[in-house]
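Participant: Given next are the chains, with one letter for each unit.
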Amino acid sequence: MPAILEVENLTKKYGDFEAVKGISFSVEEGEVFGLLGPNGAGKTQTISMLTGVIPPTSGSARIAGHDIKSDMNEVKKINGLVPQDLALYPTLSARANLNFFGRIYGLGGNELKERVEDVLRIVALTDRADQKIDEYSGGMKRRVNIAAGLVHQPQLLFLDEPTVGVDPQSRNHIFESVQRLNRERGMSVVYTSHYMEEVELLCNRVAIIDEGKIIAMDTVKNLIGILGGGMIYIGLEEVDDALLEQLTGLGGVKEAMLVPPPVAPPLAEGEDPEKETEPVTSNPIVKIVAENSQQAVVNVISFLNDQDRPLTSLEILEPNLESVFLHLTGKKLRE
Amino acid sequence: MKSIYYTLSVTGKEIRILLADRGLLAVLLLLPILLGSLFAGLNLMLASDEGDPNILLEVILVNEDPGNFGGEVAKSIRSIDELNVKQSSSVSSAEQRVAEGEVAAAIIIPADFSENIDSYTPTEIEVIIDPAQAETASIVTGIVNQVAGEVVIWGEIQYGIRTIMAESDLLAEASPEELRGVEAQNLGVIMTQLNELRRNPAIAVISENLEGIQVQTGIELFITFLFPAFTVMFIFFIVGAESASLLQEREAGTLRRLLAAPLPRWTVIAGKMLAYGLLVCAQVAILFTLGYVAFNINLGRDPLALVAITLAVAFVAVSMGMIVAAFARSAKQADNVGMILAFVFAGIGGAFPTWPPLFRSGGLIGILSKFTPHAHALEGYYSVMAENAALTNILPQLGFLLLMGLVFFLIAVWRFKFE
Numbered sequence: 001m002p003a004i005l006e007v008e009n010l011t012k013k014y015g016d017f018e019a020v021k022g023i024s025f026s027v028e029e030g031e032v033f034g035l036l037g038p039n040g041a042g043k044t045q046t047i048s049m050l051t052g053v054i055p056p057t058s059g060s061a062r063i064a065g066h067d068i069k070s071d072m073n074e075v076k077k078i079n080g081l082v083p084q085d086l087a088l089y090p091t092l093s094a095r096a097n098l099n100f101f102g103r104i105y106g107l108g109g110n111e112l113k114e115r116v117e118d119v120l121r122i123v124a125l126t127d128r129a130d131q132k133i134d135e136y137s138g139g140m141k142r143r144v145n146i147a148a149g150l151v152h153q154p155q156l157l158f159l160d161e162p163t164v165g166v167d168p169q170s171r172n173h174i175f176e177s178v179q180r181l182n183r184e185r186g187m188s189v190v191y192t193s194h195y196m197e198e199v200e201l202l203c204n205r206v207a208i209i210d211e212g213k214i215i216a217m218d219t220v221k222n223l224i225g226i227l228g229g230g231m232i233y234i235g236l237e238e239v240d241d242a243l244l245e246q247l248t249g250l251g252g253v254k255e256a257m258l259v260p261p262p263v264a265p266p267l268a269e270g271e272d273p274e275k276e277t278e279p280v281t282s283n284p285i286v287k288i289v290a291e292n293s294q295q296a297v298v299n300v301i302s303f304l305n306d307q308d309r310p311l312t313s314l315e316i317l318e319p320n321l322e323s324v325f326l327h328l329t330g331k332k333l334r335e
Numbered sequence: 001m002k003s004i005y006y007t008l009s010v011t012g013k014e015i016r017i018l019l020a021d022r023g024l025l026a027v028l029l030l031l032p033i034l035l036g037s038l039f040a041g042l043n044l045m046l047a048s049d050e051g052d053p054n055i056l057l058e059v060i061l062v063n064e065d066p067g068n069f070g071g072e073v074a075k076s077i078r079s080i081d082e083l084n085v086k087q088s089s090s091v092s093s094a095e096q097r098v099a100e101g102e103v104a105a106a107i108i109i110p111a112d113f114s115e116n117i118d119s120y121t122p123t124e125i126e127v128i129i130d131p132a133q134a135e136t137a138s139i140v141t142g143i144v145n146q147v148a149g150e151v152v153i154w155g156e157i158q159y160g161i162r163t164i165m166a167e168s169d170l171l172a173e174a175s176p177e178e179l180r181g182v183e184a185q186n187l188g189v190i191m192t193q194l195n196e197l198r199r200n201p202a203i204a205v206i207s208e209n210l211e212g213i214q215v216q217t218g219i220e221l222f223i224t225f226l227f228p229a230f231t232v233m234f235i236f237f238i239v240g241a242e243s244a245s246l247l248q249e250r251e252a253g254t255l256r257r258l259l260a261a262p263l264p265r266w267t268v269i270a271g272k273m274l275a276y277g278l279l280v281c282a283q284v285a286i287l288f289t290l291g292y293v294a295f296n297i298n299l300g301r302d303p304l305a306l307v308a309i310t311l312a313v314a315f316v317a318v319s320m321g322m323i324v325a326a327f328a329r330s331a332k333q334a335d336n337v338g339m340i341l342a343f344v345f346a347g348i349g350g351a352f353p354t355w356p357p358l359f360r361s362g363g364l365i366g367i368l369s370k371f372t373p374h375a376h377a378l379e380g381y382y383s384v385m386a387e388n389a390a391l392t393n394i395l396p397q398l399g400f401l402l403l404m405g406l407v408f409f410l411i412a413v414w415r416f417k418f419e
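Chains as they are written, first to last, in the numbering used here: chain A, 1 to 335; chain B, 1 to 419.
Fair warning: there could be bad hints in the mix.
Residues from chain B that keep clear of chain A, each with C-beta distances beyond 12 Å, as calculated [unchecked claim]:
no.	residue
1	Glu14
2	Gly71
3	Ile80
4	Glu82
5	Ser175
6	Ala261
7	Met339
8	Val413
Below, in silico cross-link-like pairs of lysine-lysine (DSS-like), each with a Cα-Cα straight-line distance of 27 Å or less [stated by the list, open to error]:
no.	chain 1	residue 1	chain 2	residue 2
9	A	Lys77	B	Lys417
10	A	Lys132	B	Lys332
11	B	Lys2	B	Lys86
12	A	Lys77	A	Lys113
13	A	Lys21	B	Lys417
14	B	Lys417	A	Lys69
Far from chain B, by Cβ distances over 12 Å, these chain A residues were calculated [stated by the list, open to error]:
no.	residue
15	Val53
16	Leu92
17	Arg128
18	His152
19	Val166
20	Pro168
21	Ser177
22	Tyr195
23	Lys287
24	Glu291
25	Pro310
26	Thr312
27	Lys331
Read the hints as simulated data drawn from the structure, not as lab findings.
Idealized CB from N, CA, C, for every residue including glycine.
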């Protein structure tokens with residue numbers, strides 16, 4: 001499949017601060033591509049550059065063959081953006097919002113009317129289209145937010161954290177809508193999230209992004225495969241190289257290494273400041289990458305008992321994108 | 001063409017949002033209507049109280065004349081609001097009541113009053129004054145002179161007609177009834193023409209300013225100033241609303257969505273400015289219509305001048321909204337700053353209705369007012385409405401407002417951060 005989006009060495013700087021550090025990736029036509037990373041990783045900045053909201057400092061990108069620097073007007077017609085914020089006019093009805101967002105893409109007359117009805121059907125809000133946004137639930141607002149990005153039938157849809165603050169029912173509805181748009185209309189999607197479950201469910205390929213850099217990019221299956229059978233974190237009072245070698249040699253264990261204690265991710269906006277980033281424990285932590293997590297746990301605990309080394313903590317992580325992120329960055333995606 | 005479509009789309013959306021914001025509409029439209037009506041009504045009422053001499057003089061009228069002229073004078077005197085007229089048939093009784101201080105004066109119409117007028121013989125109406133109420137003498141005498149003057153004119157004309165008829169021998173053969181008929185006919189025609197001349201005098205006294213433009217005077221002038229003053233004050237209340245609206249778009253993320261669409265950035269700003277500019281025009285139209293219909297304010301003789309000054313003040317107000325948005329950090333701050341600016345500039349610029357208008361007064365405050373758009377907008381409106389100025393007369397005010405608006409707009413475009 002040809003690439004609808006090709007990004008090369010894209011960078012965004014604000015003075016000395018580098019928000020996006022030369023990232024490169026591509027998205028194939030009809031693909032759902034995930035950008036997974038914690039808050040502040042650079043996902044929104046990347047999308048903002050690709051949709052023409054802010055100019056890149058350096059690097060390049062082409063969308064359906066159009067350069068984002070020299071041909072942004074064409075790029076904007078191809079793109080659809082669903083921002084992280086509820087970018088709607090709350091005192092207007094859903095229909096009035098969608099009419100307006102259609103008009104700013106040059107739509108009018110019957111074509112606009114048909115498109116608005118179509119996207120209202122997609123997000124299942126036809127019956128309540130004339131109600132003010134203010135009167136909607138959080139989930140319904142999110143659905144109108146998505147509809148506003150679809151009204152001009154984009155080829156490439158950027159969904160920036162579209163499920164923040166959404167109830168499970170609306171979240172499932174959003175997932176179904178994205179899958180249907182991709183499957184039935186062949187729409188390519190760039191989906192950013194810090195919820196690994198969403199990315200695992202929706203995306204064919206995922207780029208894990210942290211501190212403005214892509215630190216891993218592959219299919220979900222291959223990324224999880226990095227961890228084999230999962231990870232085990234054990235806290236001990238004392239650790240030396242000899243112990244790490246002995247642990248690596250146990251059955252079911254692929255690798256054992258000393259790591260800094262895991263820390264919570266940066267706070268999201270509005271989160272309790274009491275949850276400030278800090279190490280979970282002051283004891284040394286050993287990370288064990290398992291080939292078979294059950295076998296590895298049994299062997300490690302027996303071995304430490306025999307050695308008379310008491311455990312101060314034990315955490316077993318199933319192989320998923322969350323544990324992949326932890327494995328690669330030493331940080332959790334979210335609490 | 002596409003840009004115009006985008007601009008009008010943004011304007012349409014903005015108007016829908018404004019129409020849904022009833023609180024804002026109440027402040028921008030209802031409040032000036034209420035304040036304008038209240039101030040105008042109160043001032044008219046107070047002026048009407050001041051204009052009423054509040055004199056109620058008790059007088060006694062003795063009409064001894066059996067003829068028409070005595071009856072006409074008595075009727076006129078009784079119709080005067082300032083006099084409480086009591087009838088008496090005896091002169092001595094009237095003199096007695098004046099002497100006892102029961103009434104301020106006695107007006108005596110002598111028995112030969114009509115006869116003397118008919119024969120063109122000098123006659124007089126006697127006014128007897130209570131010496132203890134000497135200050136009322138001139139008032140009552142003045143009133144009686146006014147009333148008698150009308151009758152005297154009538155008598156003079158009648159006498160003239162008779163003299164002409166008698167000396168010309170034209171109606172020598174006519175019977176006395178025919179003579180009276182011709183006399184009455186001529187008298188009727190002359191009195192009708194006389195009254196018409198009084199209504200539309202051939203020589204009228206009018207007030208003009210130094211440029212030879214007719215001006216209003218008195219309370220009408222103040223009311224004609226009051227409506228534009230309140231209008232200009234409330235026009236600038238859109239500054240806070242407009243700037244907050246733009247920053248709310250940035251905070252809510254809708255501006256981001258607009259930036260991702262293929263419409264030029266300037267159309268987002270232009271569309272918003274156009275919507276608020278139309279709101280200003282609606283404010284002016286509603287308030288001036290109210291002033292014209294309910295308080296009969298003068299709208300001047302040049303509607304084009306009125307439209308031009310309205311468009312210029314709308315431009316400077318919406319540009320001021322943009323400059324506040326460019327410098328404010330949040331929608332809330334913009335709203336507060338806009339409100340403060342609206343009040344302070346209204347105060348300095350003379351939009352609080354004081355008399356004489358602040359922008360026409362000298363001194364430091366007069367000079368300071370010239371630095372506000374309010375003063376120039378008011379000077380323009382006042383010249384057009386109160387002094388019947390034409391478009392060419394207000395070109396300096398228009399120029400200043402447009403220049404000020406342009407400077408605000410360019411700074412706002414330079415400083416405003418879309419993201």
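Participant: Now tell me, hint by hint, if it's right for this structure.
Facilitator: So, going through the hints one by one against the coordinates:
no. : hint                   : result
1   : Glu14                  : violated, 9 Å
2   : Gly71                  : holds, 74 Å
3   : Ile80                  : holds, 63 Å
4   : Glu82                  : holds, 60 Å
5   : Ser175                 : holds, 90 Å
6   : Ala261                 : violated, 4 Å
7   : Met339                 : holds, 21 Å
8   : Val413                 : holds, 17 Å
9   : A:Lys77 with B:Lys417  : holds, 23 Å
10  : A:Lys132 with B:Lys332 : holds, 23 Å
11  : B:Lys2 with B:Lys86    : violated, 83 Å
12  : A:Lys77 with A:Lys113  : holds, 18 Å
13  : A:Lys21 with B:Lys417  : holds, 23 Å
14  : B:Lys417 with A:Lys69  : holds, 20 Å
15  : Val53                  : violated, 5 Å
16  : Leu92                  : violated, 6 Å
17  : Arg128                 : holds, 17 Å
18  : His152                 : violated, 8 Å
19  : Val166                 : holds, 16 Å
20  : Pro168                 : holds, 24 Å
21  : Ser177                 : holds, 18 Å
22  : Tyr195                 : holds, 20 Å
23  : Lys287                 : holds, 39 Å
24  : Glu291                 : holds, 46 Å
25  : Pro310                 : holds, 52 Å
26  : Thr312                 : holds, 45 Å
27  : Lys331                 : holds, 27 Å
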